[in-house]
Amino acid sequence: MDDFAETLAAAQGGDEAAFTTLFRTLNPVVLRYLKVIGGRGLAEDVAAETWVAALRNFGAFTGDERALRAWLLTIARARWVDAVRASGRRPEVVTDSPPEEPSADDVQAAVELGFSTDWALSVIATLPPDQAEVVTLRVIAQLDVPEVADLTGKTSNHVRVLTHRGLKRLAELLGDPAAV
Amino acid sequence: MTQVPEPTPGLDAQLDQLLDAALSSQPSGSGSLTRLEALLAAAAAPAAGPQPGEEQALAAFRELVVEAAGTPSLAARRRRRQVSVAAIASTVVLFGSGVAAAANGSLPRAAQTTAKTVLGTLGVHVPGPNVHAGRHPDQRGSSGDNPGDNGVEPTPPSHPSHPAMPVTPANTGTPPTPGNSGAARHHGNPTPHASGHPAPQHGRPTAAPTVSRRRVPTASRAFLNLRVMPAARRAITR
Numbered sequence: 012m013d014d015f016a017e018t019l020a021a022a023q024g025g026d027e028a029a030f031t032t033l034f035r036t037l038n039p040v041v042l043r044y045l046k047v048i049g050g051r052g053l054a055e056d057v058a059a060e061t062w063v064a065a066l067r068n069f070g071a072f073t074g075d076e077r078a079l080r081a082w083l084l085t086i087a088r089a090r091w092v093d094a095v096r097a098s099g100r101r102p103e104v105v106t107d108s109p110p111e112e113p114s115a116d117d118v119q120a121a122v123e124l125g126f127s128t129d130w131a132l133s134v135i136a137t138l139p140p141d142q143a144e145v146v147t148l149r150v151i152a153q154l155d156v157p158e159v160a161d162l163t164g165k166t167s168n169h170v171r172v173l174t175h176r177g178l179k180r181l182a183e184l185l186g187d188p189a190a191v
Numbered sequence: 002m003t004q005v006p007e008p009t010p011g012l013d014a015q016l017d018q019l020l021d022a023a024l025s026s027q028p029s030g031s032g033s034l035t036r037l038e039a040l041l042a043a044a045a046a047p048a049a050g051p052q053p054g055e056e057q058a059l060a061a062f063r064e065l066v067v068e069a070a071g072t073p074s075l076a077a078r079r080r081r082r083q084v085s086v087a088a089i090a091s092t093v094v095l096f097g098s099g100v101a102a103a104a105n106g107s108l109p110r111a112a113q114t115t116a117k118t119v120l121g122t123l124g125v126h127v128p129g130p131n132v133h134a135g136r137h138p139d140q141r142g143s144s145g146d147n148p149g150d151n152g153v154e155p156t157p158p159s160h161p162s163h164p165a166m167p168v169t170p171a172n173t174g175t176p177p178t179p180g181n182s183g184a185a186r187h188h189g190n191p192t193p194h195a196s197g198h199p200a201p202q203h204g205r206p207t208a209a210p211t212v213s214r215r216r217v218p219t220a221s222r223a224f225l226n227l228r229v230m231p232a233a234r235r236a237i238t239r
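As they're listed, the protein sequences go chains W and C.
Whatever position you read off the first sequence (first residue = 1), add 11 for the working numbering.
Whatever position you read off the second sequence (first residue = 1), add 1 for the working numbering.
Just chain W, same shape as in the assembly (with noise of 0.2 Å):
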């Protein structure tokens, strides 16, 4: 985003226009990784709920826009953990049938359409969750090592091999030849 620290400073005092532009922007990206964490089902709520705590908090954030995409994927995730222990459920368990890998036909008709963005985000939900969550913030949110690593709890070694393994298995869904 161009002016970053002029739209947020903006929003932190106030300005309904510059918070609307900061939304529209970090949004998507909040969705996206709940979607492929959590499922279509509790992504909106948990995101709603995501902006709501992020607002009481709004006016003592600094940083720069990776920092509060960053803040915000913190906030999140902690948001989808309460929502699926609430709902009786392990976080690591997302749903009870894994959603289906694309068949070799549904990929060919992707390629010749052009990759839809829910699409997209489908196929990388087919992933184990872990390689699943790491690769959408690597890939989506576009934040680096460390910071996934510290999002998510994990070493920056083990971020780098479930990104590389999850990378892999998409090729290989894919069909693309270095994969294959």
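Hints are computed from structural coordinates only; laboratory data are not their basis.
The beta carbon of each residue, even a glycine, is placed where N, CA and C say it ideally should be.
Any given hint might turn out to be false.
[Claimed, not checked] Each pair of labels, with its calculated beta carbon distance range:
| hint | chain 1 | residue 1 | chain 2 | residue 2 | range |
| --- | --- | --- | --- | --- | --- |
| 1 | W | 28 | C | 89 | 37 to 45 Å |
| 2 | C | 96 | W | 12 | 15 to 23 Å |
| 3 | C | 49 | W | 186 | 28 to 36 Å |
| 4 | W | 125 | C | 69 | 38 to 46 Å |
| 5 | C | 71 | W | 73 | 20 to 28 Å |
| 6 | C | 86 | W | 155 | 47 to 55 Å |
| 7 | C | 18 | W | 186 | 36 to 44 Å |
| 8 | C | 21 | W | 166 | 18 to 26 Å |
| 9 | C | 88 | W | 166 | 52 to 60 Å |
| 10 | W | 129 | C | 71 | 35 to 43 Å |
| 11 | C | 93 | W | 73 | 37 to 45 Å |
| 12 | C | 21 | W | 122 | 34 to 42 Å |
| 13 | W | 125 | C | 67 | 40 to 48 Å |
| 14 | C | 21 | W | 72 | 24 to 32 Å |
Start from chain W and add chain C according to the hints.
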């Protein structure tokens, strides 16, 4: 602990390259991972227009941020309250010490007259200017002549040339405000200490006043007795 195998060279290098490209929103130039690259680009594509939950987020923003931006922070409110309390306390102390000085008639003539007029409207009786009060601060009247009838203890006369004994609010029964030693400044007097008036040291007996008296040596006293008594006896027996 889960075994973490070493990443495979070759493909991993390509993945790193692809990842770097994805993070910088640039094409990787890799010909063998095109579908993966396209997938990642689609997953990270920017969204345009209103977002789901935007109205609720704006409502929360108005409640939590806009209103908070208009009201002072808790720390600011606390500081403002402390300043107000200190200002009120200073005013009370100043007023009290001024009333005390007026009650003693120790203000200069003009000030005493004004104080008598103003305080009189408030129902507080203070004496008029002392007959001995002059226009010069050195010619202030004696406070002992007009003790005042408002129950305020008379204070010792304060004199600018004796800064060690200024008028202090402690003498009027009003406790000084901590850290507000400037409140009792009067008529150019230096800022007094909290208890600028010398006070007896409790627990120690005060020294007995010494009277200058010539002591008669014992031997001379005996001599006087010998000389005086026979003369007194002769006077009595005459």
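Taking the hints in turn, this is what the structure says about them:
1. W:28 with C:89: 37 to 45 Å: 43 Å, holds
2. C:96 with W:12: 15 to 23 Å: 58 Å, violated
3. C:49 with W:186: 28 to 36 Å: Because 31 Å falls inside the window, the suggested range holds.
4. W:125 with C:69: 38 to 46 Å: 45 Å, holds
5. C:71 with W:73: 20 to 28 Å: Distance hint for residue 71 of chain C, residue 73 of chain W holds at roughly 21 Å.
6. C:86 with W:155: 47 to 55 Å: 51 Å, holds
7. C:18 with W:186: 36 to 44 Å: Because 20 Å falls outside the window, the suggested range is violated.
8. C:21 with W:166: 18 to 26 Å: 21 Å, holds
9. C:88 with W:166: 52 to 60 Å: 58 Å, holds
10. W:129 with C:71: 35 to 43 Å: 40 Å, holds
11. C:93 with W:73: 37 to 45 Å: 42 Å, holds
12. C:21 with W:122: 34 to 42 Å: 24 Å, violated
13. W:125 with C:67: 40 to 48 Å: About 41 Å separates the Cβ atoms of residue 125 of chain W and residue 67 of chain C, which means 40 to 48 Å holds.
14. C:21 with W:72: 24 to 32 Å: About 28 Å separates the Cβ atoms of residue 21 of chain C and residue 72 of chain W, which means 24 to 32 Å holds.
The structure fails to meet hints 2, 7, 12 from the earlier list, while all remaining hints are met.
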